[in-house]
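Participant: In this text, residue positions in the sequence shown follow my numbering: the first is 11, and each later residue adds one.
Bear in mind the hints are in silico, worked out from the structure with no lab data behind them.
Certain hints may be false.
Computed list of lysine to aspartate or glutamate pairs in EDC-like fashion (alpha-carbon distance at most 16 Å, straight line) [what the hints assert, rightly or not]:
hint : residue 1 : residue 2
1    : Lys179    : Glu155
2    : Lys244    : Glu136
3    : Lys206    : Glu178
4    : Lys207    : Glu224
5    : Lys207    : Asp242
6    : Lys289    : Glu90
7    : Lys317    : Asp268
8    : Lys244    : Asp268
9    : Lys156    : Asp173
10   : Lys70     : Asp242
11   : Lys171    : Glu155
12   : Lys321    : Glu257
13   : Lys206    : Glu194
14   : Lys179    : Glu195
Simulated restraints, written as ranges between beta carbons of each label pair [as the list claims (entries may be wrong)]:
hint : residue 1 : residue 2 : range
15   : Phe313    : Glu257    : 20 to 28 Å
16   : Phe57     : Asp214    : 45 to 53 Å
17   : Ser99     : Leu54     : 52 to 60 Å
The C-beta atom is built at its ideal place from N, Cα and C for all residues, glycine as well.
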Amino acid sequence: MKILYKYITKGILRNFLILLAVFSIVIVSSQLLHLPSVMYHADLNSFFKLLFLMNLSFLKFQILFAFFLSTALFGFSMRENREIYAVYSSGISKFNLIKPILFISIVMFFLSLVVSLLLVPYANRERADFITFNIKRYFLDSVQEKNFFQLSNEITVYTEKKDGNRFEKIFIYNNQEGQTITAEEAFFDTTTFFLKKGYIQIPDKHGFNIIKFESYRFNIDVDYLKKFSIEDYKNSDLINIIKNKSENFNKAVAVMTDRLLFGIPFLFMGILGFMIGLKTVRGKDTVIAISVLISIVYLILNFYFIKIIGKGKIDPTIYLAVLLIYFSSLTYFFYRKT
Numbered sequence: 011m012k013i014l015y016k017y018i019t020k021g022i023l024r025n026f027l028i029l030l031a032v033f034s035i036v037i038v039s040s041q042l043l044h045l046p047s048v049m050y051h052a053d054l055n056s057f058f059k060l061l062f063l064m065n066l067s068f069l070k071f072q073i074l075f076a077f078f079l080s081t082a083l084f085g086f087s088m089r090e091n092r093e094i095y096a097v098y099s100s101g102i103s104k105f106n107l108i109k110p111i112l113f114i115s116i117v118m119f120f121l122s123l124v125v126s127l128l129l130v131p132y133a134n135r136e137r138a139d140f141i142t143f144n145i146k147r148y149f150l151d152s153v154q155e156k157n158f159f160q161l162s163n164e165i166t167v168y169t170e171k172k173d174g175n176r177f178e179k180i181f182i183y184n185n186q187e188g189q190t191i192t193a194e195e196a197f198f199d200t201t202t203f204f205l206k207k208g209y210i211q212i213p214d215k216h217g218f219n220i221i222k223f224e225s226y227r228f229n230i231d232v233d234y235l236k237k238f239s240i241e242d243y244k245n246s247d248l249i250n251i252i253k254n255k256s257e258n259f260n261k262a263v264a265v266m267t268d269r270l271l272f273g274i275p276f277l278f279m280g281i282l283g284f285m286i287g288l289k290t291v292r293g294k295d296t297v298i299a300i301s302v303l304i305s306i307v308y309l310i311l312n313f314y315f316i317k318i319i320g321k322g323k324i325d326p327t328i329y330l331a332v333l334l335i336y337f338s339s340l341t342y343f344f345y346r347k348t
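Let the sequences and hints guide you as you build the complete structure.
Facilitator: Encoded structure:
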C-alpha cells in the first residue's frame with residue numbers, strides 16, 4: 011500500500027511541477043508585451059526581478075490549473091496503462107486509492123491560502139513600487155549635458171556636465187512652485203537630488219527671495235506612478251476597513267472573501283481531477299477539455315460573486331455555499347460514475 015501511495019504522490023507532484031513551469035513560461039511571455047517601454051532600458055537584474063514579480067502575481071491561477079490538470083492526467087495515465095486494473099484486482103478499494111490524493115489536496119489547500127492571502131498581494135504591491143521606482147530613475151538617467159530636459163510637466167533640468175549620477179553646475183526649474191534652484195554640484199540617489207553650494211530663488215509679490223545653501227535635498231517626482239488597488243491591500247488594512255465599516259467596506263469584504271475562499275476548490279480538485287482522468291472513456295484531449303471547462307466555470311462564478319459581494323448585494327456565505335455545491339456535486343458524480 012505504501013508503495014502505491016508513494017507512486018501516486020510522485021506521479022501527481024511530477025505532473026504538477028511540470029505544468030507549473032509551463033504556465034509560468036506562458037505567463038511571463040505574455041506579460042512581456044505589457045511592460046512599460048522604459049523597463050526595457052533597465053539593467054538585467056531589474057528586468058528579471060520584474061518578470062519574477064509578474065509571475066508571482068498570477069501564481070494562484072497557475073497552481074489552480076496545474077493541480078487540477080496534474081491529477082486528471084495522472085488518472086488518465088493509470089487508466090491508459092491498465093495500472094488501475096492491477097490495483098483493483100489486488101483488493102484495494104476506491105476509497106483507499108484516493109487517500110494519498112486527499113492528503114495532497116489538503117496540503118494544496120493550505121498552500122493556496124498562503125499564496126492567495128500573502129504572496130500574490132505582496133507581489134502586486136512590490137511590482138507597482140518597483141515599476142514606479144525604475145521609471146523615475148530612467149527619467150533621471152536620461153538627462154543630457156547642456157540640454158534642457160523636462161522630467162515632468164513641472165520640473166525642468168539643465169546641467170553643464172554629467173558623469174554617471176554626478177552633475178556640475180546644475181539648474182532646476184520648478185514650474186508649479188515658480189522656484190529656480192542652481193548649484194555648483196549635485197548627485198542623485200534613486201529619485202532625489204543632493205545639491206551642494208547653490209541658491210534657491212523663491213518668488214513673492216514684491217519680486218523674489220534668494221536663499222543660499224551649502225547642501226540641499228530636492229526630490230524629483232515624475233508623472234508616472236504605478237498604484238495598486240484595494241485588491242492588493244494588506245490583510246490587516248482590509249480587516250481595519252471591515253471593522254471600522256469605512257467607505258470601501260463592501261469592497262474589502264469582497265477581497266477578503268476572494269482570498270479566503272480561493273482554497274475551497276483545492277479540497278475537491280484532487281479527487282475530482284483523478285476521477286475525471288480515470289473514468290472518462292475518451293482520450294487525453296477530452297480529459298483536459300473537461301478539466302479546463304470546470305475550471306473556467308469556477309472562474310466565472312468567482313468573478314460574478316466577488317463583484318456582487320463588492321456591491322453589497324449578497325452575503326459571502328452564499329458564495330461559499332455555491333462553491334461547495336458546485337464542486338461536491340461534480341466530485342460525487344465522477345466518483346460514482348462507472
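Participant: Any hints from earlier that this structure breaks? Give me their numbers in increasing order, please.
Facilitator: 5
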